[in-house]
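Taken in order, these protein sequences are the chains called A and B. The numbering of the first sequence is our numbering, which starts it at 1 and goes up by one. The numbering of the second sequence is our numbering, which starts it at 1001 and goes up by one.
Derived from the structure by calculation, the hints contain no laboratory data. Mixed in with the good hints, there may be bad ones.
[As the list claims (entries may be wrong)] With a Cα cut of at most 30 Å, we get these calculated DSBU-like pairs of lysine-lysine:
{"no.": "1", "chain 1": "A", "residue 1": "630", "chain 2": "B", "residue 2": "1431"}
{"no.": "2", "chain 1": "A", "residue 1": "22", "chain 2": "A", "residue 2": "159"}
{"no.": "3", "chain 1": "B", "residue 1": "1487", "chain 2": "B", "residue 2": "1203"}
{"no.": "4", "chain 1": "A", "residue 1": "22", "chain 2": "B", "residue 2": "1431"}
{"no.": "5", "chain 1": "B", "residue 1": "1431", "chain 2": "A", "residue 2": "159"}
[Stated by the list, open to error] Computed from the model, here is a short list of chain B residues facing chain A with C-beta under 8 Å:
{"no.": "6", "residue": "1224"}
{"no.": "7", "residue": "1285"}
{"no.": "8", "residue": "1286"}
{"no.": "9", "residue": "1317"}
{"no.": "10", "residue": "1318"}
{"no.": "11", "residue": "1321"}
{"no.": "12", "residue": "1380"}
{"no.": "13", "residue": "1381"}
{"no.": "14", "residue": "1397"}
{"no.": "15", "residue": "1408"}
{"no.": "16", "residue": "1427"}
{"no.": "17", "residue": "1464"}
Every residue, glycine too, gets a C-beta built ideally from N, C-alpha and C.
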Amino acid sequence: MQILFIVFLPLLAAIVGGLGNKALGNLAVKTLTTGALFISCALSWPIFISFLSGHAEASVTPVLHWVSSGAMQFDWALRVDTLTAVMLVVVTSVSALVHLYSWGYMDEDPDQPRFFAYLSLFTFAMLMLVTADNLVQMFFGWEGVGLASYLLIGFWFRKPSANAAAQKAFVVNRVGDLGFMLGIFGTYWVFGTVSIPAILDAVPSVHGQMIHFLGHQWDTMTVLCILLFIGAMGKSAQLGLHTWLPDAMEGPTPVSALIHAATMVTAGVFMVCRLSPMFHASPTASTFVTFIGAATCLFAATVGTTQWDIKRVIAYSTCSQLGYMFFAAGVGAYGAAMFHLFTHAFFKALLFLGAGSVIHAMHHEQDMRYYGGLRKEIPLTFYAMTAGTLAITGVGIAGAFGFAGFYSKDAILEAAFASGSEMGRFAWGMGVFAALLTSFYSWRLVFLTFFGRPRWAQSEHIQHAVHDVHGHGDHAQDDHAHDDHSHGAHGHDAHGDGTAGYHPHESPLSMLIPLGLLSVGAIFAGWVFAPHFVGLEGAAEFWKGAVIVDKELIEASEHIGFWSLAPTIVMLTGLFVAWYAYIRNPRFPALFVEQFTVVHRFLYNKWYFDELYDLIFVRPAFWIGRQFWKLGDIGIIDRFGPNGAAWVVAQGSRAAVKLQSGYLYSYALVMLVGLVGAVSWVIAR
Amino acid sequence: MTGFPILSLMLLVPLVGAVACLKASAPTARMIALVATLIDFALGVVLWSQYQIGGPQWQFTEHAAVFAGFSWKLGIDGIALMLIELSVFLMPVCIGASWTSIQTRVGEYMAAFLLMETLMIGVFTAQDLFLFYIFFEAGLIPMYLIIGVWGGADRIYASYKFFLYTLLGSVLMLIAMFWMVNNAGTSDIPTLMQYNFPVGAQKWLWLAFFASFAVKMPMWPVHTWLPDAHVQAPTAGSVILAGVLLKMGGYGFIRFSLPMFPDASVEFARLIFVLSMIAVVYTSLVALVQHDMKKLIAYSSVAHMAIVTVGLFAFNRQGLEGTMIVMLSHGLVAGALFLCVGIIYDRLHTREIDRYGGLAINMPRYALFFMVFTMASVGLPGTSGFVGEFLSLAGIWQSSTTVTLVCTTGIILGAGYMLYLYRRVIFGEQKHADTAAMPDLDMREFAMVIPLALVVLWMGIYPESFLAPMRNDIGALEARMAASRWKMANAGVHAQVKPARLAVAPSTKVGEAR
Chain A
1 MQILFIVFLP
11 LLAAIVGGLG
21 NKALGNLAVK
31 TLTTGALFIS
41 CALSWPIFIS
51 FLSGHAEASV
61 TPVLHWVSSG
71 AMQFDWALRV
81 DTLTAVMLVV
91 VTSVSALVHL
101 YSWGYMDEDP
111 DQPRFFAYLS
121 LFTFAMLMLV
131 TADNLVQMFF
141 GWEGVGLASY
151 LLIGFWFRKP
161 SANAAAQKAF
171 VVNRVGDLGF
181 MLGIFGTYWV
191 FGTVSIPAIL
201 DAVPSVHGQM
211 IHFLGHQWDT
221 MTVLCILLFI
231 GAMGKSAQLG
241 LHTWLPDAME
251 GPTPVSALIH
261 AATMVTAGVF
271 MVCRLSPMFH
281 ASPTASTFVT
291 FIGAATCLFA
301 ATVGTTQWDI
311 KRVIAYSTCS
321 QLGYMFFAAG
331 VGAYGAAMFH
341 LFTHAFFKAL
351 LFLGAGSVIH
361 AMHHEQDMRY
371 YGGLRKEIPL
381 TFYAMTAGTL
391 AITGVGIAGA
401 FGFAGFYSKD
411 AILEAAFASG
421 SEMGRFAWGM
431 GVFAALLTSF
441 YSWRLVFLTF
451 FGRPRWAQSE
461 HIQHAVHDVH
471 GHGDHAQDDH
481 AHDDHSHGAH
491 GHDAHGDGTA
501 GYHPHESPLS
511 MLIPLGLLSV
521 GAIFAGWVFA
531 PHFVGLEGAA
541 EFWKGAVIVD
551 KELIEASEHI
561 GFWSLAPTIV
571 MLTGLFVAWY
581 AYIRNPRFPA
591 LFVEQFTVVH
601 RFLYNKWYFD
611 ELYDLIFVRP
621 AFWIGRQFWK
631 LGDIGIIDRF
641 GPNGAAWVVA
651 QGSRAAVKLQ
661 SGYLYSYALV
671 MLVGLVGAVS
681 WVIAR
Chain B
1001 MTGFPILSLM
1011 LLVPLVGAVA
1021 CLKASAPTAR
1031 MIALVATLID
1041 FALGVVLWSQ
1051 YQIGGPQWQF
1061 TEHAAVFAGF
1071 SWKLGIDGIA
1081 LMLIELSVFL
1091 MPVCIGASWT
1101 SIQTRVGEYM
1111 AAFLLMETLM
1121 IGVFTAQDLF
1131 LFYIFFEAGL
1141 IPMYLIIGVW
1151 GGADRIYASY
1161 KFFLYTLLGS
1171 VLMLIAMFWM
1181 VNNAGTSDIP
1191 TLMQYNFPVG
1201 AQKWLWLAFF
1211 ASFAVKMPMW
1221 PVHTWLPDAH
1231 VQAPTAGSVI
1241 LAGVLLKMGG
1251 YGFIRFSLPM
1261 FPDASVEFAR
1271 LIFVLSMIAV
1281 VYTSLVALVQ
1291 HDMKKLIAYS
1301 SVAHMAIVTV
1311 GLFAFNRQGL
1321 EGTMIVMLSH
1331 GLVAGALFLC
1341 VGIIYDRLHT
1351 REIDRYGGLA
1361 INMPRYALFF
1371 MVFTMASVGL
1381 PGTSGFVGEF
1391 LSLAGIWQSS
1401 TTVTLVCTTG
1411 IILGAGYMLY
1421 LYRRVIFGEQ
1431 KHADTAAMPD
1441 LDMREFAMVI
1451 PLALVVLWMG
1461 IYPESFLAPM
1471 RNDIGALEAR
1481 MAASRWKMAN
1491 AGVHAQVKPA
1501 RLAVAPSTKV
1511 GEAR
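Using the sequences and the hints given, assemble the complete structure.
Right, dumping it as structure tokens:
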């Protein structure tokens, strides 16, 4: 029963707040939406705790009949099992905190009701996704979060770059959705149903069967899983379909934290885990998932090391961490994948919100080259970001205590190593190398932002702020709208200390409370919940079949000896390199770039994926479209069709000239003649 | 004649209104038209509520012999019922859309619309082949008039193109009808739907009907009249053209081609698939590069109608039911999108996409509704667009996965061109002072878009209301098609036309193992 409130309160708040935004006013809409989310959150935790303690059973709450067309039957229904319970707390907690955070962050925005309504709408769609009992409702949530993401990325709709990013996110996701939809169709024709429990029960019955797809025979389960996984690749920004995620940072920072870090982008991982018996039944598909996950995890980490925009660094970091989750699922460690999803939600939301707090303090400057020395100015934000960094880099001592990522990332790497397959070892290697880079770019971010001397004087945003102290409120909106000023062209610094006389202020309480609570999650979530998610004894009992728990794999991953130290070693290495390059010897990065210009340029330009796609997809689509229109429709079809016919007729007889001018009457005449003919024929018969 | 002749009454009300409009002054004509369409809408609601789901296949039948062999026979099944509901629902919206934008010859304009309503309902209710033909062809005359008299600058060329395309099809269809009546000895549509024509003859008959329906649909490559007709037509003309007239092609396929020539339909399925696949990709890409809003939506209509044809020729329940929902949904959504274009056209008198921009700033309510219809057009789940598209494409998987794949790319391309349109019109900065000064929706416009949006969501969230009345009729058609597919699969003569996977998909074999 309470699941109905959890899911539909945010929807109600979104509708009332969104439609009544002018009538109700800022405060009412903010209170309504945030209140709804806190209630949802408060109702979710007891469900999660009851699953933790092993008292709860999986349940399905029907809501409304949806479609029945022959055997294709599906309803609106809310399923709650362990997997859903995990997602419920992640989604509602982060969402509630992000709502609260936005009170402070969006305070100067003139369009707040719309923002909060979108946030709540997103939460509703995400909850529909995680409670889905059939593939089509999952797809509903899938597309619903896509819509909310589109609206929120483009929230500052005056800004062309935001609109472009929003559209790109939607369209690239649709490429994935193509796979998802085909996967649903195939699943339906193989199993005769789209109900998830029914499909999972029937998985063994199709073992070894072949399916006819695109003119060839393939292993049924492999085709279905890969199609569905293509959907997951889109939503979870995996290599090839990842290009939308960094651009999505055009949206307000709370959106990045909620949608593009903690919840929506993990939907793909959730889907693979939800369908774990299917993926488990297809070694080929699992290998594919492992490969894509491992490749993404390394790719994104390499790009993350070179970016200057604080949000983009974290975005690539998210992309990379999602890669870890996927290869965990690929090697069969679904519990570990979900565990990393769970801990990642806390520490990545924390990092994003922390970055938002920095951006807020720095007057919407996002370029880390213009940060520096902020540790003393905004100490609470600094502590929170440090907690997040300790969590993501996986600091901890086995057997004693570790930050959240220590448990989840290590569980993934150990499982990949212990899986014994070649692809598993490959993923382990990629994962360890990515862990090194993760540690490097995460500490790089902290050192550039919070340590060293202030470098703010060069920032146009800061200069703006200093020159217009009184016009602060008006200009905040301006800054949203103009992101592409050339930085630092006319920087001057009267004070000579790199601050240009600007003093960043710590964020308001509404932003600090979420940072504090998420810090608690980032510090303790791993330590507290590891036994349940990935423990040898606890896992099977906790998951209760909601995902496949491979006891042998867990057992094996606890006995890989020396190799289990690898993540810790690379983490320390990354920390050391970052410390050396950004604190000890700040000229080092420039020297490195000089030495390896090509490599740096390649990484800095994100391996040129955007340019490549533009060249092979976007431009050709427009070009071909123009050819079809001008050459096909006008040049051929019209020319030889109606225009040609008219020409022939006009040449052929003078009577046709009349036809052209008085076509309407001629037409009526033709019809009349026909009818008279018909009628007389019927009578005469 | 059995019971109260509600169908005749629904035909009569607009006709009487039309005659009254001819002589009336402009304000009176508007009022007459509105009242007449609302009465018809109310009758439509009665019709729906009285329709017995699971009852006899043909309901509300009326029969009056006019003279030898030619009779006034009306009656509807669930499929016709739903299309009638669509027509009577859109008509008052069209009158509302013309309320202020049509200022010349208002009486005649309203009369043309009301006449068209009579003829449209006639198409869906006729149970006699020739009666159908009269309604089907005559229904285009008011449309020519609406485009030709109240249209834009190039209206003559547009209506001429419209005329040329449809002429060829109608002549062939009429000849085929003569042959059928001669062969079967009746012009009664329900009887003909059960009649088995010889396989050889079916092919020619199918092609003759195809010539007419393919143009109405419109299918690639006979689609080029549609963008011109839409661009030149006044707003309400576009709404009804996209909303109802395009559905006549689909209705023709489902009422004539499939049940009357099932063997030929199985044979020609491949042709339909090829044309539809081309249509989806081709017209979607063309839509992407349009500068004129109406042209863009017109091309998107062609792409959506291609989903209708593939769904139909999947011959299974998902395909056929999906097709019907796509038709109903497209009627609402494309109609609503043309209405949205009309709303800003009334303010600025241009359809040039680049002239707009930043409308979200001064027209936030308009932006909201435009977003709802845009999302319905790209097939977002929860809107009507999704249900139909999903079922049709799911249905086609059984016949061919390649066709499914190619047609499903429409969801990517559709998102591309619709969001690109939305972005250029609604988002961004206000570029011109005149667009910035445009007022948001007024009460009349609200009264038009709100019902449309609500029905779009209703059909997306609880499509059962719309599927239930059609279920038995589609079941009967599915059974007839299944028999034909079995027959053609075992005929052997046409082995080269009938690939194994078209008749019995290997995936079903896997399914049997469960």
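Going through the hints against the structure:
1. 630/A to 1431/B: Roughly 29 Å separates the two Cα atoms, so the pair holds.
2. 22/A to 159/A: holds (23 Å)
3. 1487/B to 1203/B: holds (15 Å)
4. 22/A to 1431/B: holds (25 Å)
5. 1431/B to 159/A: With Cα atoms ~13 Å apart, residue 1431/B and residue 159/A stay inside 30 Å; holds.
6. 1224: This interface hint holds because 5 Å falls under the 8 Å limit.
7. 1285: Where the cut-off is 8 Å and the nearest Cβ of chain A is about 4 Å from residue 1285/B, the hint holds.
8. 1286: holds (5 Å)
9. 1317: Given a least distance of 4 Å, the restraint on residue 1317/B holds.
10. 1318: Where the cut-off is 8 Å and the nearest Cβ of chain A is about 5 Å from residue 1318/B, the hint holds.
11. 1321: holds (5 Å)
12. 1380: Holds: closest Cβ of chain A sits about 5 Å from residue 1380/B, inside 8 Å.
13. 1381: Where the cut-off is 8 Å and the nearest Cβ of chain A is about 4 Å from residue 1381/B, the hint holds.
14. 1397: holds (4 Å)
15. 1408: holds (5 Å)
16. 1427: holds (4 Å)
17. 1464: holds (6 Å)
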